[in-house]
Amino acid sequence: MKTTTLAASALAAVISAAVASAAFAGPAPTPTGFKFEKCAGVAKAGMNDCQTAMSSCAGTSKTDMQADAWVYVPAGTCAKLVGGHKV
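Using numbering that gives the first Met the number 0, read the sequence shown as starting at 0 and increasing by one per residue.
What the hints contain is simulated information worked out from the structure, not anything from laboratory work. Hints should not be assumed to be uniformly reliable.
What the hints assert, rightly or not - What follows is a set of in silico ranges between Cβ atoms, one per label pair, in the way DEER data are often shown:
| id | residue 1 | residue 2 | range |
| --- | --- | --- | --- |
| 1 | ASP67 | PHE35 | 12 to 20 Å |
| 2 | SER55 | PHE33 | 27 to 35 Å |
| 3 | LYS61 | GLY32 | 32 to 40 Å |
| 4 | LYS61 | LYS34 | 17 to 25 Å |
| 5 | SER55 | GLY32 | 31 to 39 Å |
| 6 | GLY32 | MET53 | 30 to 38 Å |
| 7 | GLY32 | THR62 | 15 to 23 Å |
| 8 | ALA52 | VAL81 | 17 to 25 Å |
| 9 | LYS43 | ALA74 | 29 to 37 Å |
| 10 | HIS84 | PHE33 | 33 to 41 Å |
| 11 | ALA52 | GLY32 | 29 to 37 Å |
| 12 | MET53 | PHE33 | 12 to 20 Å |
To be verified - Derived EDC-like pairs (lysine to aspartate or glutamate); straight-line CA-CA distance at most 16 Å:
| id | residue 1 | residue 2 |
| --- | --- | --- |
| 13 | LYS61 | GLU36 |
| 14 | LYS34 | ASP63 |
| 15 | LYS34 | ASP67 |
| 16 | LYS85 | GLU36 |
| 17 | LYS79 | ASP48 |
| 18 | LYS61 | ASP48 |
| 19 | LYS37 | ASP48 |
| 20 | LYS85 | ASP48 |
| 21 | LYS85 | ASP67 |
Keep in mind it's a predicted model, so treat the numbers as computed, not measured. No residue lacks a Cβ here, since even glycine has one placed at the ideal position from N, Cα and C.
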């Protein structure tokens, strides 16, 4: 009985750590010579880079072009995209 409880506790800890780390956005992409900005209002459903007010983590936006769902784009690009605004 103790072995089963210990195994279940260990599994729960691993799952909790994975879920917690997925909730935060990764660092901004930084290829040599390029700068990026966060652009909201242009992501397809399920393609956002971080959590929003209506979604719990990256990749969980519910609708296309959700106003608070953002993605990283090359600097200066967001203003050129229809519906895009910098975050």
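Hint check:
The hinted range of 12 to 20 Å is satisfied by ASP67 and PHE35, whose Cβ atoms lie roughly 18 Å apart. For the pair SER55 and PHE33, the beta carbons lie near 29 Å from each other, so the given range of 27 to 35 Å is met. For LYS61 and GLY32, the Cβ-Cβ distance of about 35 Å falls inside the hinted range of 32 to 40 Å, so the restraint holds. Range check, LYS61 to LYS34: about 30 Å between beta-carbon atoms, so the 17 to 25 Å window is missed.
With their beta carbons about 34 Å apart, SER55 and GLY32 fall inside the hinted range of 31 to 39 Å. Distance hint for GLY32 and MET53: a CB-CB separation of about 35 Å, consistent with the stated range 30 to 38 Å. Checked against the given bound of 15 to 23 Å, the beta carbons of GLY32 and THR62, roughly 34 Å apart, lie outside it. Restraint check, ALA52 to VAL81: a C-beta distance of roughly 22 Å satisfies the suggested window 17 to 25 Å.
For the pair LYS43 and ALA74, the beta carbons lie near 21 Å from each other, so the given range of 29 to 37 Å is not met. For HIS84 and PHE33, the Cβ-Cβ distance of about 21 Å falls outside the hinted range of 33 to 41 Å, so the restraint is violated. The hinted window of 29 to 37 Å between ALA52 and GLY32 holds, with their beta carbons roughly 34 Å apart. Taken as a hint, the range 12 to 20 Å is violated for the pair MET53 and PHE33, whose Cβ atoms sit roughly 30 Å apart.
Distance check on the hinted pair: LYS61 and GLU36 sit about 22 Å apart at the alpha-carbon level, beyond 16 Å; violated. Simply put, LYS34 and ASP63 have alpha-carbon atoms about 25 Å apart, too far for the 16 Å limit, and the pair is violated. Between LYS34 and ASP67 the alpha-carbon distance is near 21 Å, which puts this suggested pair outside the 16 Å criterion. With a C-alpha separation of about 7 Å, the suggested pair LYS85 and GLU36 falls inside the 16 Å cut-off, and the hint holds.
Distance check on the hinted pair: LYS79 and ASP48 sit about 19 Å apart at the alpha-carbon level, beyond 16 Å; violated. Note on LYS61 and ASP48: the hinted pairing holds, with a Cα-Cα distance of about 13 Å set against a maximum of 16 Å. Between LYS37 and ASP48 the CA atoms are separated by roughly 9 Å; this keeps the pair inside 16 Å, and the hint holds. A distance of roughly 14 Å separates the Cα atoms of LYS85 and ASP48; the hinted pair therefore holds under the 16 Å criterion.
For the given pair, LYS85 sits about 10 Å from ASP67 by alpha-carbon distance, which is consistent with the 16 Å threshold.
The structure fails hints 4, 7, 9, 10, 12, 13, 14, 15, 17 (numbered hints given earlier, in ascending order).
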